[in-house]
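Residues per chain, in single letters:
There are 2 protein chains.
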Amino acid sequence: MTFIAPTDCPYYLLSRATLVITSALRAGMNEAGVGHVKPSYLGVLWSLWEEEGLKVVELGRRAGLEPSTMTGLLDRMERDGFVTRKADTQDRRVQQVRLTKKGRTAQKSVVDVVDKTLAKALAGISEKELEKLKELLRRVLANAHSENR
Amino acid sequence: MTFIAPTDCPYYLLSRATLVITSALRAGMNEAGVGHVKPSYLGVLWSLWEEEGLKVVELGRRAGLEPSTMTGLLDRMERDGFVTRKADTQDRRVQQVRLTKKGRTAQKSVVDVVDKTLAKALAGISEKELEKLKELLRRVLANAHSENR
DNA sequence: ACACAATACTTCGTATGCGTAATATTCGTA
DNA sequence: TACGAATATTACGCATACGAAGTATTGTGT
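Top line first, the protein sequences correspond to chains A and B.
Residue numbers for the first sequence follow the working numbering, beginning at 1 and rising by one.
Residue numbers for the second sequence follow the working numbering, beginning at 1 and rising by one.
Copies of one chain are not kept apart here, so a pair can be met inside one copy or by any two copies together.
In silico DSS-like pairs for lysine-lysine, Cα to Cα no more than 27 Å straight-line: (1) 116 <-> 102; (2) 120 <-> 132; (3) 116 <-> 38; (4) 38 <-> 86; (5) 120 <-> 134; (6) 134 <-> 116; (7) 86 <-> 102.
Think of the hints as simulated: they come from the structure by calculation, not from any bench.
Could you build all of it, start to finish, from the sequences and the hints given here?
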């Protein structure tokens, strides 16, 4: 199969969809007065709201990001006052990442923005269709995963 | 609707799917000996293989990218020898972008890599499912589009 | 106990994208 | 025709991601 028009190419559609939702999230955060929360922070915040004191590698694993990516991401999050790093006393290679008060109290607004933004982005898509979409995307990820070994 | 696990969040799935395919494309290009062709070049090359001498804004429109993004992209493509810019004599604001010989001859290998990479990434997804996926993604783009005005 | 492998994290260079502002040119209208 | 609006491009700062390579620490096999 060869894809001619951009709107016929799944890669184009995926990239664009990701970018427009990222933009919408950024805008939504600004409007809601939590503009310091960048879209990339979400994966980390989500993990830490569940379980605090995770290490860098573990956060990366959960968000699907490389450790080297996490470093810069956590630098920005620390700069913006959402998390702190704390050396682990057991294993001194490890940095424990924990939420600040600001990181904790942001949860409500942030979850709200994400929900509303996704609802808008996915408007007109039924529950069933959404499930199908997610299932297909999971299959793409599974393909990539099995490819790498 | 609130999304708990990453694999339950459409935004996470979309981002990850985009990134893994981008990675796969990069790797595929390298293996095929056209490693200078970066994934971002594809949108521009596609447009120029169709019609040469397009201006920067038009290339951006077709690829879904901002003009300011195009500048850096075209800089890299020029550096890597795929395109040249040429001032338009009619309208001196305009830069005509045209393919070099290298840019033209790359078409066959590049299209080949893209086809094979997408086939692998989308393995196990039927024609019908792929159509559905594309339709849903187009709807997301349409939503974003109508949102912005 | 010691050499070597594995793990955790960071640093650095590069790619990719956006938005804002600056510059140059052209267009439309009074 | 002069002038403000629109258009085309670039410049700059920032966010986000990867991979390769470096550093520190821990684990393992002999």
